[in-house]
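Visitor: Okay, here's what each chain looks like letter by letter:
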Amino acid sequence: MERIKKTRAGQERYEVRLSGSGGQGMVFAGMILAEAVGVEDGKYVCQTQSYGPEARGGTSRSDLVISSQEIFYPKPQELDLLLAMTQESCDIYFPALRENGTLIVDSGLVTQLPDRKVYGFTFTRIAREQLGTPMVANIVALGTISALTKIVSRQGLLEVLKRRAPRGTEERNLQAIEIGYELVRKKKAKVVKSDTGVG
Amino acid sequence: MPIFSEMTHKYLRAKKKFPNVWCSGCGIGTVMGAIIRAIDHLHLSRDEVVMISGIGCSSRMPVYVDFNTLHTTHGRPLAFATGVKLAKPNLKVIIVTGDGDALAIGGNHFIHACRRNIDLTTILINNSTYGMTGGQVAPTTPFMKIGTTAPYGNRERGFDISKLAMAAGAPFVARGTVYHVVQLQKLVEQAILKKGFSLVEVISQCHTLYGRLNKEGGPVEMMKWQRDHAIPISAAGKVPAEKLKDKFFTGVLWDIDFPEYCEEYDKVIALAQSLAEGEGVRVKGKERE
Amino acid sequence: MKPPVKNQRLMQGNRACVEGAMAAGCRFFAGYPITPSTEMAEILAAELPKLSGKFIQMEDEIASLAAVIGSSVAGVKSMTATSGPGFSLMQEHIGYAYMAEVPCVIVDVQRGGPSTGLPTKVAQADTMQVRWGTHGDYYAIAVAPSSVLECYEFTLRAFNLSEKYRTPVIVLMDEVVGHMRERVILPDPDQMTIIDRMKPTVPPEWYQHFEINPHFVSPMASFGEGYRYNITGLTHDPFGFPTEKPEEIKQKMDKLKNKITHNLDDIIQVRAEFMEDANIAIFAYGIVARAAREAVRMARERRIKVGLIQPLTIWPFPDQYMEHIQEQLDLIIVAELNQGQLIGEVMRVNRGKTRVSSLTRYDSELITPDQVFEKIREEK
Numbered sequence: 001m002e003r004i005k006k007t008r009a010g011q012e013r014y015e016v017r018l019s020g021s022g023g024q025g026m027v028f029a030g031m032i033l034a035e036a037v038g039v040e041d042g043k044y045v046c047q048t049q050s051y052g053p054e055a056r057g058g059t060s061r062s063d064l065v066i067s068s069q070e071i072f073y074p075k076p077q078e079l080d081l082l083l084a085m086t087q088e089s090c091d092i093y094f095p096a097l098r099e100n101g102t103l104i105v106d107s108g109l110v111t112q113l114p115d116r117k118v119y120g121f122t123f124t125r126i127a128r129e130q131l132g133t134p135m136v137a138n139i140v141a142l143g144t145i146s147a148l149t150k151i152v153s154r155q156g157l158l159e160v161l162k163r164r165a166p167r168g169t170e171e172r173n174l175q176a177i178e179i180g181y182e183l184v185r186k187k188k189a190k191v192v193k194s195d196t197g198v199g
Numbered sequence: 001m002p003i004f005s006e007m008t009h010k011y012l013r014a015k016k017k018f019p020n021v022w023c024s025g026c027g028i029g030t031v032m033g034a035i036i037r038a039i040d041h042l043h044l045s046r047d048e049v050v051m052i053s054g055i056g057c058s059s060r061m062p063v064y065v066d067f068n069t070l071h072t073t074h075g076r077p078l079a080f081a082t083g084v085k086l087a088k089p090n091l092k093v094i095i096v097t098g099d100g101d102a103l104a105i106g107g108n109h110f111i112h113a114c115r116r117n118i119d120l121t122t123i124l125i126n127n128s129t130y131g132m133t134g135g136q137v138a139p140t141t142p143f144m145k146i147g148t149t150a151p152y153g154n155r156e157r158g159f160d161i162s163k164l165a166m167a168a169g170a171p172f173v174a175r176g177t178v179y180h181v182v183q184l185q186k187l188v189e190q191a192i193l194k195k196g197f198s199l200v201e202v203i204s205q206c207h208t209l210y211g212r213l214n215k216e217g218g219p220v221e222m223m224k225w226q227r228d229h230a231i232p233i234s235a236a237g238k239v240p241a242e243k244l245k246d247k248f249f250t251g252v253l254w255d256i257d258f259p260e261y262c263e264e265y266d267k268v269i270a271l272a273q274s275l276a277e278g279e280g281v282r283v284k285g286k287e288r289e
Numbered sequence: 001m002k003p004p005v006k007n008q009r010l011m012q013g014n015r016a017c018v019e020g021a022m023a024a025g026c027r028f029f030a031g032y033p034i035t036p037s038t039e040m041a042e043i044l045a046a047e048l049p050k051l052s053g054k055f056i057q058m059e060d061e062i063a064s065l066a067a068v069i070g071s072s073v074a075g076v077k078s079m080t081a082t083s084g085p086g087f088s089l090m091q092e093h094i095g096y097a098y099m100a101e102v103p104c105v106i107v108d109v110q111r112g113g114p115s116t117g118l119p120t121k122v123a124q125a126d127t128m129q130v131r132w133g134t135h136g137d138y139y140a141i142a143v144a145p146s147s148v149l150e151c152y153e154f155t156l157r158a159f160n161l162s163e164k165y166r167t168p169v170i171v172l173m174d175e176v177v178g179h180m181r182e183r184v185i186l187p188d189p190d191q192m193t194i195i196d197r198m199k200p201t202v203p204p205e206w207y208q209h210f211e212i213n214p215h216f217v218s219p220m221a222s223f224g225e226g227y228r229y230n231i232t233g234l235t236h237d238p239f240g241f242p243t244e245k246p247e248e249i250k251q252k253m254d255k256l257k258n259k260i261t262h263n264l265d266d267i268i269q270v271r272a273e274f275m276e277d278a279n280i281a282i283f284a285y286g287i288v289a290r291a292a293r294e295a296v297r298m299a300r301e302r303r304i305k306v307g308l309i310q311p312l313t314i315w316p317f318p319d320q321y322m323e324h325i326q327e328q329l330d331l332i333i334v335a336e337l338n339q340g341q342l343i344g345e346v347m348r349v350n351r352g353k354t355r356v357s358s359l360t361r362y363d364s365e366l367i368t369p370d371q372v373f374e375k376i377r378e379e380k
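Chains as they are written, first to last, in the numbering used here: chain F, 1 to 199; chain L, 1 to 289; chain C, 1 to 380.
Bound conformation, chain F alone (with noise of 0.2 Å):
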């Protein structure tokens, strides 16, 4: 697992959005989260969502807190990851990073990018050529989350979505974690830095 920080009131806490536009599923992919942490791998885990007029037009998104203690404030403060699936959410939600934190990005989608290291992906684009249609692209980013950051085991998340998933969607629900898993094991993400330019 990724460095917990510690925050100010001596917790241990790991900050999480899921961020895109509303149909790309942050929702529904932030409950399978939640459940992976928190059911199967145990821990204290708190999961809030934007609501209102904002998910229904712009952006959508699914915050967590994730933690080994009892979790007191339930809402990020300062995001340790942020995944974007739109470039508005990209540019909205990027200043509540923090500065180490993990940026990780549609990179089909997200072209104008922030000065900093960022992993790119093209989620919309693997789902839909491998999987036939672009509405798993949040799972496959759900299993690069869990093999980049070791936040959630990738045991946790198909458990949960072997339950979770719409009937007759199961089949494809796995295989999107595995084919995000894929995606970091043979490095075919795009780590860039923007100064040097979107490769």
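These are computed hints drawn from the structure, not numbers from a lab. Glycine included, each C-beta is placed from N, C-alpha and C at the ideal position. Please note that a few of the clues may not be correct.
[Said to hold, decoys possible] Output of the computed footprint for chain L on chain C, the stretches with three or more beta carbons under 8 Å from beta carbons of chain L: (1) 116-126; (2) 238-249.
[Claimed, not checked] Label-pair restraints from in silico Cβ distances: (3) L/Arg46 with C/Gln57: 27 to 35 Å; (4) C/Pro189 with L/Asp266: 44 to 52 Å; (5) L/Val21 with C/Thr261: 32 to 40 Å; (6) C/Gly226 with L/Thr133: 30 to 38 Å; (7) C/His262 with L/Val182: 52 to 60 Å.
We have chain F already, so just place chains L and C on it with the hints.
Guide: This is chains L and C only, laid out in the frame that chain F set:
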């Protein structure tokens, strides 16, 4: 008469709560007598009868009768009755309400009770005014009649209660009068026996306020007016149109069948439980009667 | 991999609330859709029939609470759930339930107000409405969960208090508590205490539905059990018949008061953290207490002697506890998501004994731990 009275007394909380609040000559007592005779004639047990009312003169009735009685808030007896009936569908739930109670402040609950079709019996006593608060106009006060809040004449139209109920979906709608008291008892009996939401509108008199303000005389004159303006629904079509002016029909105006809500909900329960069992979900045993 | 823990689930606050209700024996829900409480209606529409319970969507919130009271009078544990605008509409029947002494549970998932306000945003601006929302004199009980697990436990407790004292009990939640998901380990059903209303032991002819007795709580027969009695929202005598006699009126009003005020020790619960040696206290309930708990730890890392007072029952107000604890304090900071409601209660009990300072937020966002911590540093 003494026999009637002895039977009626069996159903009254006579020692505790009499004399009552109603003016002598008021029609509400007559309606109470008709309801009691209907219940007695149907051999309902006092323990299985629930009488629910709102606020107003007519809504004071539950205090006087020896049933399970619930005197609720202004306009809302049908909403309370919905909960009682769903919780214990074996109870016979009778709602006593007035025209102001049911149609002004309670108008929304009234139309939805008609639409929802829970097995409730509603006796709506229509005296065209607010009696308890002192003769203000009601949603049933006819055009240009006088109320204390319409001293220059009521410029609104009154509701046609029966048509409203039918349009809202009530499967049983009847109208009677205080004058036609024998018919009224039969209408109440039919309404109680009807599976589904039933409404009996009772044309009643408030001589103290409405009668006095509109110079319609005392209770006798007002009951004569009921006698002279009521036309049995069976005569509809036989009476020439010009003679129907200012008249109203009485009797069972509407009687259709539609699935009753509590029975439908039993199907919901059965469906939910069979689906849950199909998914291997442990369902606790039936915990209600 | 760790072995799975029994009853361990990821759960939303609104779901935990209704799961707690069902565990308490709730078998009737009447409600009207309103953000952010709607999930409760949706879940119970699916779940109650599986338990042979019943759900009904009414025409408005007024009707919803009326149906709940009707069902409870007929002997079924019943609840409704709503948010600000619906809670305002329910005030009429909350008053009826106090007067007629009908057990029922009302959940208010707070959102921003007044009026339609902020349907999807958090607030604690109904705090005083819960206490004083309906007309007349009455004594409210309200529990205030701050986590998903507490949503479960406190709703169950709300039913128990409601049945025990024959009074409506309010579960005062907020949008964040209602919508957040947390990993919870639910208590074992066999370990939970479930309280049912006391039933009469006397024959029907002796029965008084509002009997005056030394406990101030009267046994309660249901409709259809052979006890034919009257219930009314009018002030009534012990039989339930309307009264205008001054001595009977006073007796009734005293009964409503005493059944709560003589049982404060049983009803009131306070979470106190780091209070043993504290000279500063943060007073916060519900979701704000979560920020305060973190802020208190931040301050303790810096050797500031600050503690947390979190009322778990927001009403009745913990007068006695505050009277006692304020003796050791120099400063109380009251943090709340409104323009300053609860601070009035703290100051009422405080009577100038300590400094009392207000930390409020009403821009739809949560008070953060940093804000609380900064406030402590400013004021200490």
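Visitor: If a hint holds in the structure, say so; if it does not, say that too.
Guide: Hints, one by one, checked against the model:
A stretch counts as covered by a chain when three or more of its residues have a beta carbon under 8 Å from one of that chain; for the region 116-126 of chain C and chain L the count is 0, and the coverage is violated. Chain L is given as covering the region 238-249 of chain C, and this holds because 3 residues of the stretch bring a CB closer than 8 Å to a CB of that chain, at least three being needed. Between L/Arg46 and C/Gln57 the beta carbon distance is about 33 Å. The supplied range of 27 to 35 Å therefore holds. In this structure, C/Pro189 and L/Asp266 break the distance hint of 44 to 52 Å, their C-beta atoms being roughly 27 Å apart.
The hint said 32 to 40 Å for the Cβ distance between L/Val21 and C/Thr261, and at roughly 34 Å that hint holds. For the hinted restraint 30 to 38 Å between C/Gly226 and L/Thr133, the CB-CB distance of approximately 37 Å keeps it satisfied. The hint said 52 to 60 Å for the Cβ distance between C/His262 and L/Val182, and at roughly 55 Å that hint holds.
Comparing the model with each earlier hint shows violations of hints 1, 4; every other hint is respected.
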